Amino acid sequence: SMSIWIIHFLLASNYDKATSWYFLFNVYPNLTFTKERLQESIIVWCNENRFSVPSANTLKRDIQALIGMYSSSAQTKDKDLQAILASPMRELHLFTDHYEDGTIVYKFRHISPGEISDDVFSFSLLYYLESIGLPQSVSFTEILESSGSPARIFGFSENLLARYLHSFGNRSDHPYRYS
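For the sequence shown, the residue numbers in my numbering are 140 to 318.
Calculated directly from the structure, the hints in this document are not laboratory data. It cannot be assumed that every hint is accurate.
Stated by the list, open to error - Pairs of lysine-lysine, DSS-like flavour, derived with a Cα cap of 27 Å:
id, residue 1, residue 2
1, K199, K246
2, K174, K199
3, K156, K246
4, K199, K156
5, K174, K156
6, K246, K174
To be verified - Restraint ranges, calculated between C-beta atoms of paired labels, are given here:
id, residue 1, residue 2, range
7, A301, V192, 17 to 25 Å
8, S256, S194, 36 to 44 Å
9, S276, N196, 39 to 47 Å
10, E254, P168, 18 to 26 Å
11, H232, S194, 29 to 37 Å
12, W184, E239, 17 to 25 Å
13, G308, G241, 14 to 22 Å
14, G308, T197, 37 to 45 Å
Being a predicted model, the structure only gives us computed values, none of them experimental. Beta carbons: idealized from backbone N, C-alpha and C, even for Gly.
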């Protein structure tokens with residue numbers, strides 16, 4: 140499971156190769172979404188940032204693939220071992236779904252303390268720090284809210300981030316300290 144979290148982090152932090160994943164786990168501001176709302180939000184975001192907008196069909200396929208990769212309900216409905224093995228990200232159970240007025244609504248769940256190992260957090264934080272140029276210091280708020288940060292991608296609360304940073308600061312195998 141540790142490697143699945145790292146794969147998720149690397150995928151969700153890669154704007155160039157996985158724009159829809161990047162958007163959902165870094166930019167999308169709500170705790171719930173539908174396929175249609177997510178598609179509309181990506182188009183608006185691309186237009187606002189002058190990014191090329193994927194075709195409607197490409198975006199629809201991306202969103203379908205993204206939901207298929209992560210949806211925990213897909214695992215319980217699909218007992219085919221090959222299908223489960225084809226999408227190990229489902230083990231993360233990052234969002235659930237329910238019907239609302241005939242539409243499937245997906246909801247992000249809260250990550251529990253200890254669910255992500257300290258090693259995975261440390262890797263992700265160091266990767267993020269490297270991606271922003273290894274600054275001398277970075278604020279708690281930046282780690283909590285910035286695109287590409289582990290707290291943003293993993294959906295940490297302030298308290299959970301503080302716990303992980305405290306543990307990270309107690310490690311002796313890197314030059315960073317948390318205070």
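Comparing the hints with the structure gives:
1. As the CA atoms of K199 and K246 are separated by approximately 19 Å, the hinted pair is consistent with the 27 Å bound.
2. With a C-alpha separation of about 8 Å, the suggested pair K174 and K199 falls inside the 27 Å cut-off, and the hint holds.
3. The suggested pairing of K156 with K246 holds, with an alpha-carbon distance near 24 Å, which does not exceed 27 Å.
4. With a CA separation close to 16 Å, the supplied pair K199 and K156 stays within the 27 Å bound.
5. About 20 Å separates the Cα atoms of K174 and K156, which keeps this hinted pair within 27 Å; it holds.
6. For the hint linking K246 to K174, the alpha-carbon distance of about 12 Å falls within 27 Å, and the restraint holds.
7. Look at A301 against V192: about 38 Å separates their beta carbons, and that is not inside 17 to 25 Å.
8. In this structure the supplied range 36 to 44 Å holds for S256 paired with S194, their Cβ-Cβ distance being about 39 Å.
9. Take S276 and N196: their Cβ atoms lie about 45 Å apart, and the range 39 to 47 Å holds.
10. Under the hint 18 to 26 Å, the C-beta atoms of E254 and P168, about 23 Å apart, fit the expected range.
11. Between H232 and S194 the C-beta distance comes to about 31 Å, which sits within the given range of 29 to 37 Å.
12. A C-beta distance of roughly 24 Å is found between W184 and E239, which places it inside the suggested range of 17 to 25 Å.
13. Restraint check, G308 to G241: a C-beta distance of roughly 49 Å breaks the suggested window 14 to 22 Å.
14. The given range of 37 to 45 Å is respected by G308 and T197, whose C-beta atoms sit roughly 43 Å from each other.
Comparing the model with each earlier hint shows violations of hints 7, 13; every other hint is respected.
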